[in-house]
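Here the numbering used here is used: position 44 in the sequence shown is 44, and no number is missing along the way.
Read the hints as simulated data drawn from the structure, not as lab findings.
Treat the hints with care, as some may be off.
[As the list claims (entries may be wrong)] Capping the alpha-carbon separation at 20 Å, the derived lysine to aspartate or glutamate pairs in EDC-like fashion look like this: (1) LYS200 <-> ASP94; (2) LYS140 <-> GLU230; (3) LYS212 <-> GLU169; (4) LYS212 <-> GLU367.
Being a predicted model, the structure only gives us computed values, none of them experimental.
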Amino acid sequence: MSRPQMIAALGIVTAGISSAIWIYLLAMRGGFWRCREREERPSARPDPVCWPSVVAVIPARNEADILPASLGSVLRQDYPGPFSVILVDDNSADGTSAVAGAVGAGAANRLAIVAGAALPAGWTGKLWALHQGIEAARSKAPDYLLLTDADIAYEPQALRRLVRRAEAEGRVLVSLMAKLRCASRAEQLLIPAFIFFFQKLYPFTWVNLPHKRTAAAAGGCMLVRRSALEAAGGIASIRGALIDDCTLGATMKRVGPIWLGLANGVHSLRAYPVFSDIRAMVTRSAYAQLHYSPWLLGGTVVGMMLTYLAAPALAVWGSGVTRTVALATWVMMSASFLPTLRYYGASPLWSPALPAIAAIYLGFTVESAWQHARGRGGMWKGRAQARRTGIAPTMHSDDARERPDR
């Protein structure tokens, strides 16, 4: 076989592999791309006979600017049952406690502010703050804990909908992927794909089926049944997890059924105005998702190239059957991206750019590994939280080798 024939054969095989990958993803990966698992507004579920008690726990580190909108929305929840809020000031230097106190001045009986203790060895910052807040809530013995971030805003009825689902379906964890901001050019380019990749790695329909091993959660909004969390060992059982939300989801699913969906009434206020902001968010945890393994990193690079980059390259530079198959594959991946773009109100013209966006995320993942090698892994709020000897989060997926595009 001549060299041109070998190159042509290699092109056909590569195009065929890429096409097979996308046929599998579209037909057999839980319909992740359809974006059908969503918060219901209004809820189709009946009210509980007796509304259970809820305590919201909010870890906050240097969040003074954003608290008036986020904390204010939590305090304004229209919830019929006993409800209170504990904010843990995680050693902030910007007056977070003072701002929180001012926001809660009109709801003094609903808000308690806890001054966070110094971060002990073996804990990540957010989980240590959550642990302290949960301990402070112990005296109230709430039925549920709403674990939420300081940059998340809620519609007034959001907590009702979370509790209705948990009570009606017997879920030990109900989590919503807060709708991220998608206003700046950088956000429009990268945020919808971030959600697309997350759903591909953790198909929400599989997460929500009790018999499936796939488990995940979204850390911005997690309603947890307190008794189930205690039975699972509490937050201390995952204290070193860098990807704490998915690790908690896996832990809770071993106790009972969980549910994860896209939010309609829960929004992230965190702005990512420039490219470097999103880059920092992704590189913080991408290598942790790979168990800090160079082998998994290498497999990820090869897998991403076959999945996202081979088809457009062959569509441009290939010929004959190779080009036809590659073009069809590019159309498939572009079409799969459309529901996520619609969810974010983004232009469908972004859909053919998915391969280029995937290449950017692949670069983030490689950079995450490089940062870890330099001892700066998991950098967040001034803390390098990933350690070579740290606890890597456990993936619970029916496909343990599926690459993490987070």
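Hints versus structure:
Between the alpha carbons of LYS200 and ASP94 the distance comes to roughly 38 Å, so the proposed pair goes past 20 Å and is violated. Between LYS140 and GLU230 the CA atoms are separated by roughly 15 Å; this keeps the pair inside 20 Å, and the hint holds. Restraint check: the Cα-Cα separation between LYS212 and GLU169 comes to about 16 Å, which is no more than 20 Å; the hinted pair holds. Annotation: proposed proximity of LYS212 to GLU367 is violated, straight-line Cα distance about 32 Å (limit 20 Å).
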